[in-house]
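J.: Please construct the entire structure, taking both the sequences and the accompanying hints into account.
Residue numbers (full-length UniProt numbering), protein chains in the order written: chain L, 1 to 423; chain D, 1 to 423.
Just so you know, these hints were derived from the structure itself, not from any lab.
C-beta: ideal position from N, C-alpha, C; glycine also.
Take these hints with a grain of salt, some might be off.
[Stated by the list, open to error] A short, non-exhaustive set of chain D residues, derived as facing chain L with CB atoms under 8 Å: (1) Ala80; (2) Ala190; (3) Leu350.
[Unchecked claim] Derived CB-CB ranges, DEER-like: (4) D:Tyr413 / L:Val230: 40 to 48 Å; (5) L:Arg81 / D:His344: 40 to 48 Å; (6) L:Asp83 / D:Val355: 26 to 34 Å.
Protein chains: 2
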Amino acid sequence: MASALDFMLAARRSEMQGLRSLELTCELVGCIGRLIHALQRERGFSNIYLGSHEERYRAGLDDLTADSQRMQQQVVECFARIDLESGCGADKARLFNHIAYVLHYFESFAELRRRIRLLQILPMDATRAFSRPIKGLLNVVFEAADTAVDPQITRHLVALFNFMQGKELAGQERAAGVAGFTLGYFDPAAQAHLRFLEDAQKRCFEIFNDYAEPGLRRLWRNLRADQTVVELARLRQVALRSSQASPIAPALAEIWFELASQRIDVMKQLEDQMTEHLHSQCQRKILQAQSDLDNHRALLKRLASLDEDASLLATRVFNLQSTDLDASDSLGGQLNRSVMDVLHAQNLRLQALGVELEEARRSLNERKLIDRAKALLMKQHGLTEDAAYRMLQNAAMERSQRLADVAQHLLNYAELLQGKAKL
Amino acid sequence: MASALDFMLAARRSEMQGLRSLELTCELVGCIGRLIHALQRERGFSNIYLGSHEERYRAGLDDLTADSQRMQQQVVECFARIDLESGCGADKARLFNHIAYVLHYFESFAELRRRIRLLQILPMDATRAFSRPIKGLLNVVFEAADTAVDPQITRHLVALFNFMQGKELAGQERAAGVAGFTLGYFDPAAQAHLRFLEDAQKRCFEIFNDYAEPGLRRLWRNLRADQTVVELARLRQVALRSSQASPIAPALAEIWFELASQRIDVMKQLEDQMTEHLHSQCQRKILQAQSDLDNHRALLKRLASLDEDASLLATRVFNLQSTDLDASDSLGGQLNRSVMDVLHAQNLRLQALGVELEEARRSLNERKLIDRAKALLMKQHGLTEDAAYRMLQNAAMERSQRLADVAQHLLNYAELLQGKAKL
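T.: See the structure below:
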């Protein structure tokens with residue numbers, strides 16, 4: 001029969017187990033970051049190849065494909081280490097489902113690459129075919145952040161997820177830019193898309209900035225003042241002023257690609273620092289938890305050995321209950337006080353942990369709200385994702401409200417309008 | 001190497017496992033309800049025995065003690081069936097810790113009962129010695145509700161938890177009434193306590209009403225119109241008008257106990273219905289999930305058997321990716337569409353589940369907020385729990401705001417005042 005002390009120990013072990021599964025999660029997130037980076041490069045360069053139709057780009061493209069394949073293999077190996085029987089609820093179910101998407105998308109890469117090399121696909125379609133698996137991979141990172149059990153690690157994962165998301169938008173911007181510059185101009189839709197990508201990046205990096213460590217924030221500020229970024233901003237202005245009537249020199253495509261790639265490569269370095277930091281944090285936490293667990297076990301063992309006379313213990317527990325104050329006058333009182341102290345301390349710590357975790361997950365919950373509001377607008381007005389996002393963004397600006405608040409209100413009123421609200 | 005289909009299946013199994021662990025939880029909650037009920041009766045009757053000093057009550061008390069012990073044994077057996085290694089995070093850790101409290105309290109019962117029989121304890125202290133383990137048991141139910149993975153079951157558990165909490169307050173009211181009537185009067189502190197218990201009950205039953213099924217709500221409304229309740233309200237007025245100067249006949253104690261017990265017994269019947277309903281809901285869900293899982297497995301098997309030519313599948317997936325619309329013109333397109341359809345459907349369902357679950361847990365989160373605000377006020381002003389609650393309640397009334405909103409604002413401002421807020 002399990003005793004109070006057994007359950008106290010099981011509580012600790014349960015925390016420990018949560019941290020251990022986080023360790024694999026952090027490793028997975030690192031692998032995913034590297035694969036996304038490789039796919040982003042391959043996506044951008046594929047557009048150069050498709051746009052220029054020049055065979056001299058072929059070898060470079062093959063190198064990038066080989067990189068992607070190597071990274072994909074690492075992700076697949078990481079997936080294979082996940083215990084498929086470990087799931088205990090909808091949280092894990094969501095994670096598994098997103099992994100299933102990713103694996104399903106992986107199966108299409110061989111055909112995509114064949115068509116690119118045969119020039120049998122439009123740049124826009126190639127971009128899309130690369131962007132979906134990347135989005136799927138980011139969803140895996142999102143679920144990893146959403147199911148992490150440690151507040152500090154959750155904060156790191158939230159910062160990292162938003163950074164990766166921002167970097168992906170920068171990658172899409174690179175591809176969109178290459179497509180437009182190669183064509184010689186950007187039509188109004190392409191220009192609107194460029195503006196959307198810039199705004200959406202800004203929002204991601206703001207959240208990154210809210211959640212990242214000061215050291216990483218400093219590095220990010222330095223990067224933003226870099227000459228590459230200034231040059232890119234200039235080229236973006238050229239793109240936004242272009243039209244079919246006044247085309248741009250297609251040679252700018254390669255310059256744009258180089259500059260955007262330089263910026264993204266520096267982002268990747270920062271991302272690598274974050275994954276390393278995450279990994280070491282996770283290991284530090286596990287060591288700490290292991291040492292706490294050992295101490296805890298020793299303490300409980302000591303308490304249990306003192307606890308041979310059951311009736312004496314009962315008197316002690318009861319003393320504490322009935323008076324609360326005068327129980328410290330004897331060894332019995334002291335002992336009992338320490339069982340209660342350990343219980344109380346553990347309880348307060350777990351409560352605080354829960355509050356911090358909720359706090360750390362706030363931006364993830366806001367993202368879910370925004371996604372739901374976007375989906376609602378897309379369905380209601382037959383909009384694209386970009387357009388739905390812009391609609392929300394305009395509403396937020398008009399009302400001087402936060403995007404998440406507008407999304408929440410929109411969803412509330414939608415319930416009311418559709419008669420789903422509780423009366 | 002696990003495939004997309006393996007992960008899709010694992011997602012389903014993971015949901016299934018969550019439901020299975022819910023089944024044990026629901027059983028545990030039922031056992032806990034029965035133990036609490038027995039302890040409540042024993043607590044109330046102990047006060048009659050302690051107040052009257054009459055030996056004729058002894059046999060009745062012994063019967064109630066035997067009931068409590070039998071129910072306690074069932075709870076302990078239920079605890080023993082919990083897999084102590086199944087924990088995977090802070091959620092389970094909180095549950096285990098609350099169970100440790102309860103087991104620790106159980107050890108004090110023998111001594112408590114010995115002292116009651118020797119009349120070596122004040123009624124107030126005896127009440128407290130029973131009330132703490134009951135509070136501990138209710139905390140276990142709260143954690144069970146907070147970690148349930150199904151929105152509908154969570155709603156039932158929230159309704160049940162609040163009902164049990166309200167019933168416990170009714171039990172405390174019974175004990176407080178017996179103490180005062182036996183003494184012959186209620187001093188101002190005792191009267192304030194009676195008022196607090198009435199208000200707090202009201203709040204619990206309001207939440208019950210928000211979350212319970214219509215059938216249960218109807219039963220509850222009927223109970224409230226019952227003659228017993230009217231009689232009790234009349235006696236409560238007598239208590240609130242009493243003073244040391246104008247005492248009441250101590251014989252009212254037994255009448256009060258009988259009436260309050262009748263009311264609580266009817267509550268117990270309603271509680272039993274809720275636990276039964278919970279149990280059958282849980283089994284229904286498990287059957288449904290099992291049948292879904294079987295269908296899913298068959299579907300995936302069919303898809304996998306069609307999926308022998310990898311390059312063909314790649315073409316299909318890719319077709320879908322690049323055009324989204326014209327992929328349904330072949331068996332390949334159809335097949336691929338169904339893998340994607342299953343993935344999308346599963347994803348949408350899991351998302352909706354997450355939203356519903358959050359919705360169902362809202363009142364639990366509000367309770368956590370209120371508890372934190374209460375703890376803050378108790379610490380800040382050295383108040384009792386009752387007094388801190390009244391302070392919050394008055395603030396809510398003055399501002400015409402909900403209790404949870406006042407608690408949230410209080411906590412926000414406390415952070416600001418203590419310089420913890422993010423600037």
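J.: Which earlier hints can't be squared with this structure?
T.: 2 and 5
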